[in-house]
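From first to last, the protein sequence lines are chains S and Y.
Residue numbers in the first sequence follow my numbering, run continuously in steps of one, and reach 199 at the last position.
Residue numbers in the second sequence follow my numbering, run continuously in steps of one, and reach 263 at the last position.
Hints are computed from structural coordinates only; laboratory data are not their basis.
The model shown is predicted, which means the values in this text are computed figures rather than measured ones.
Honestly, I wouldn't trust all of these hints.
As the list claims (entries may be wrong) - Straight-line alpha carbon distances no greater than 30 Å define the calculated DSSO-like cross-link-like pairs of lysine-lysine that follow:
{"hint": "1", "chain 1": "Y", "residue 1": "Lys222", "chain 2": "Y", "residue 2": "Lys127"}
{"hint": "2", "chain 1": "Y", "residue 1": "Lys11", "chain 2": "Y", "residue 2": "Lys175"}
{"hint": "3", "chain 1": "S", "residue 1": "Lys42", "chain 2": "Y", "residue 2": "Lys168"}
{"hint": "4", "chain 1": "Y", "residue 1": "Lys36", "chain 2": "S", "residue 2": "Lys85"}
{"hint": "5", "chain 1": "Y", "residue 1": "Lys65", "chain 2": "S", "residue 2": "Lys85"}
{"hint": "6", "chain 1": "Y", "residue 1": "Lys225", "chain 2": "Y", "residue 2": "Lys103"}
{"hint": "7", "chain 1": "Y", "residue 1": "Lys124", "chain 2": "S", "residue 2": "Lys65"}
{"hint": "8", "chain 1": "Y", "residue 1": "Lys222", "chain 2": "Y", "residue 2": "Lys36"}
{"hint": "9", "chain 1": "Y", "residue 1": "Lys168", "chain 2": "Y", "residue 2": "Lys11"}
{"hint": "10", "chain 1": "Y", "residue 1": "Lys88", "chain 2": "S", "residue 2": "Lys39"}
{"hint": "11", "chain 1": "Y", "residue 1": "Lys36", "chain 2": "Y", "residue 2": "Lys83"}
{"hint": "12", "chain 1": "S", "residue 1": "Lys10", "chain 2": "S", "residue 2": "Lys42"}
{"hint": "13", "chain 1": "Y", "residue 1": "Lys36", "chain 2": "Y", "residue 2": "Lys168"}
{"hint": "14", "chain 1": "S", "residue 1": "Lys115", "chain 2": "S", "residue 2": "Lys42"}
{"hint": "15", "chain 1": "S", "residue 1": "Lys139", "chain 2": "S", "residue 2": "Lys127"}
{"hint": "16", "chain 1": "S", "residue 1": "Lys65", "chain 2": "S", "residue 2": "Lys115"}
{"hint": "17", "chain 1": "S", "residue 1": "Lys39", "chain 2": "Y", "residue 2": "Lys36"}
{"hint": "18", "chain 1": "Y", "residue 1": "Lys175", "chain 2": "Y", "residue 2": "Lys88"}
{"hint": "19", "chain 1": "S", "residue 1": "Lys39", "chain 2": "S", "residue 2": "Lys115"}
{"hint": "20", "chain 1": "Y", "residue 1": "Lys11", "chain 2": "Y", "residue 2": "Lys65"}
{"hint": "21", "chain 1": "Y", "residue 1": "Lys124", "chain 2": "S", "residue 2": "Lys85"}
{"hint": "22", "chain 1": "Y", "residue 1": "Lys127", "chain 2": "Y", "residue 2": "Lys3"}
{"hint": "23", "chain 1": "S", "residue 1": "Lys101", "chain 2": "S", "residue 2": "Lys115"}
{"hint": "24", "chain 1": "S", "residue 1": "Lys85", "chain 2": "Y", "residue 2": "Lys225"}
{"hint": "25", "chain 1": "S", "residue 1": "Lys65", "chain 2": "S", "residue 2": "Lys42"}
{"hint": "26", "chain 1": "Y", "residue 1": "Lys222", "chain 2": "Y", "residue 2": "Lys175"}
{"hint": "27", "chain 1": "Y", "residue 1": "Lys36", "chain 2": "Y", "residue 2": "Lys124"}
{"hint": "28", "chain 1": "Y", "residue 1": "Lys88", "chain 2": "Y", "residue 2": "Lys225"}
{"hint": "29", "chain 1": "S", "residue 1": "Lys183", "chain 2": "S", "residue 2": "Lys134"}
{"hint": "30", "chain 1": "S", "residue 1": "Lys85", "chain 2": "Y", "residue 2": "Lys222"}
{"hint": "31", "chain 1": "Y", "residue 1": "Lys250", "chain 2": "Y", "residue 2": "Lys83"}
{"hint": "32", "chain 1": "S", "residue 1": "Lys139", "chain 2": "S", "residue 2": "Lys183"}
{"hint": "33", "chain 1": "S", "residue 1": "Lys85", "chain 2": "Y", "residue 2": "Lys204"}
{"hint": "34", "chain 1": "Y", "residue 1": "Lys204", "chain 2": "S", "residue 2": "Lys39"}
{"hint": "35", "chain 1": "Y", "residue 1": "Lys127", "chain 2": "S", "residue 2": "Lys65"}
{"hint": "36", "chain 1": "S", "residue 1": "Lys127", "chain 2": "S", "residue 2": "Lys115"}
{"hint": "37", "chain 1": "Y", "residue 1": "Lys124", "chain 2": "S", "residue 2": "Lys39"}
{"hint": "38", "chain 1": "S", "residue 1": "Lys65", "chain 2": "S", "residue 2": "Lys39"}
{"hint": "39", "chain 1": "Y", "residue 1": "Lys3", "chain 2": "S", "residue 2": "Lys39"}
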Amino acid sequence: MRITRREFLKISSAAIATLPVLGFDLTPAMAQIGEFRIKNVKPVPTICPYCGCGCGLVVYAADGKVIATEGDPDHPINQGSTCAKGAALYQIYDNPRRMRKPLYRAPYSDHWEEKDWGWVLDRIVEKIKATRDKNFITKETVKVKDEKTGVESDVEINVNRTEAIATLGGAALDNEECYLYTKLARTLGVVYVEHQARL
Amino acid sequence: MAKGYLVDTTKCIGCRGCVVACKNWNQLPAEPTGFKGTYQTVADFSGNTFTYIGFNEYEENGQLKWYFTKRQCMHCLDPACMKVCPQKAISIVDGAVVRDYGKCAGCQYCASACPFHVPRYNTKINKETKCSMCAERVAEGMLPACVKACVTGALQFGERDELLAIAKERVNALKAEYPNARVYGENDAGGTSVLYVLADVPSKYGLPENPQVSALTTAWQKYVKPYGPWLIALTAAGSILSFFSTRLLKVGQRAHEEESLHG
């Protein structure tokens, strides 16, 4: 049997036309359940910023926007679970009350001013430098007891510290950030190194 | 077999992680809450709240006792909402009673039919909303948001048959300490995909003791709806009949009037 071009087109178009009639329409099955919005989005691990437990969370982000956040199932601490605060991590990202610029309140001022990061960081460095220089203790005299004779004597030792500055870390910091933070504090001679986590 | 949840209320600590995880995944806005003399913050379902933890407080032997219960759609095996929906927007997908928001017209018929009073009206989208057992997550092999968030393992997800066996085992273990312990949802409301392990009677947990689809809904579905089209046909027949009868009457009257005039 020979089929001309015209006949072939006729048959194939007729076959295509019957498809929807025969029930190949998949739209109802698809529409039943909602769209899976984190499909093919790679989760990025992070640490919960709230309490000291340090639960693992994953962030699903695409095109520079956070789509969803949830517990990290591979994290040994929480194994995917989250408390009410950790579950609300998305709110940090998508929040009208989120701080987007550093705010500065001058001494004795009654209002906050918006400042850029450069100014703020310079100001912090300036203050740290001034405070450290003003209150730096290089040497301290301590009493040392001679174990044999039992005589106490004053000995001067090098301390190189400042007691005017304190640092406070947070649970949002991971191990490496905490290391760097402590290193900075020690380099400055800060002895009051604190952290909110109680593990 | 179909999927289901198991809510082991004896393991729940009321942290509300599931509640927030649900809001987070379903992208539902927070709603203002107030102090109402109890630790319970979310008082009830709403168009933006698919699940909440009931803090049922009782004083027993001079001590405060909490009967926590995570409430959400029960995902009935034979859902009344699905039967009554005029838009056929509700269907069962692997044990989950899901609704197609594209089809839902917001008539709120499902809300009145539900024996657990779960569906609520969302005024923003003008549709009835409720928990979907995270069907889109389950279809991709993930756990529902609330189950994944649960810290204590009070929420479990899996095949309903297996969960029922786990629940019964748990109840047997609880019986020694809690004589009223029971599984809720095995046969209640014709069986539900959401199973509860309760340490006491359901009413203490704010759950209906004997969930029933209202008699009015049943009567409507059973007797009125199937014969509804007949009513339309009857009405049409009646109006045709009245059209002709009034015409005949008028013709007769006119003839009578004419007769009296000439006569």
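Quick rundown of the hints versus the structure:
no. : hint                  : in the structure
1   : Lys222(Y) x Lys127(Y) : 26 Å, holds
2   : Lys11(Y) x Lys175(Y)  : 15 Å, holds
3   : Lys42(S) x Lys168(Y)  : 39 Å, violated
4   : Lys36(Y) x Lys85(S)   : 22 Å, holds
5   : Lys65(Y) x Lys85(S)   : 25 Å, holds
6   : Lys225(Y) x Lys103(Y) : 20 Å, holds
7   : Lys124(Y) x Lys65(S)  : 24 Å, holds
8   : Lys222(Y) x Lys36(Y)  : 42 Å, violated
9   : Lys168(Y) x Lys11(Y)  : 15 Å, holds
10  : Lys88(Y) x Lys39(S)   : 28 Å, holds
11  : Lys36(Y) x Lys83(Y)   : 36 Å, violated
12  : Lys10(S) x Lys42(S)   : 47 Å, violated
13  : Lys36(Y) x Lys168(Y)  : 35 Å, violated
14  : Lys115(S) x Lys42(S)  : 35 Å, violated
15  : Lys139(S) x Lys127(S) : 23 Å, holds
16  : Lys65(S) x Lys115(S)  : 25 Å, holds
17  : Lys39(S) x Lys36(Y)   : 41 Å, violated
18  : Lys175(Y) x Lys88(Y)  : 43 Å, violated
19  : Lys39(S) x Lys115(S)  : 39 Å, violated
20  : Lys11(Y) x Lys65(Y)   : 14 Å, holds
21  : Lys124(Y) x Lys85(S)  : 26 Å, holds
22  : Lys127(Y) x Lys3(Y)   : 26 Å, holds
23  : Lys101(S) x Lys115(S) : 7 Å, holds
24  : Lys85(S) x Lys225(Y)  : 48 Å, violated
25  : Lys65(S) x Lys42(S)   : 13 Å, holds
26  : Lys222(Y) x Lys175(Y) : 40 Å, violated
27  : Lys36(Y) x Lys124(Y)  : 26 Å, holds
28  : Lys88(Y) x Lys225(Y)  : 14 Å, holds
29  : Lys183(S) x Lys134(S) : 21 Å, holds
30  : Lys85(S) x Lys222(Y)  : 47 Å, violated
31  : Lys250(Y) x Lys83(Y)  : 48 Å, violated
32  : Lys139(S) x Lys183(S) : 21 Å, holds
33  : Lys85(S) x Lys204(Y)  : 28 Å, holds
34  : Lys204(Y) x Lys39(S)  : 41 Å, violated
35  : Lys127(Y) x Lys65(S)  : 28 Å, holds
36  : Lys127(S) x Lys115(S) : 16 Å, holds
37  : Lys124(Y) x Lys39(S)  : 26 Å, holds
38  : Lys65(S) x Lys39(S)   : 15 Å, holds
39  : Lys3(Y) x Lys39(S)    : 22 Å, holds
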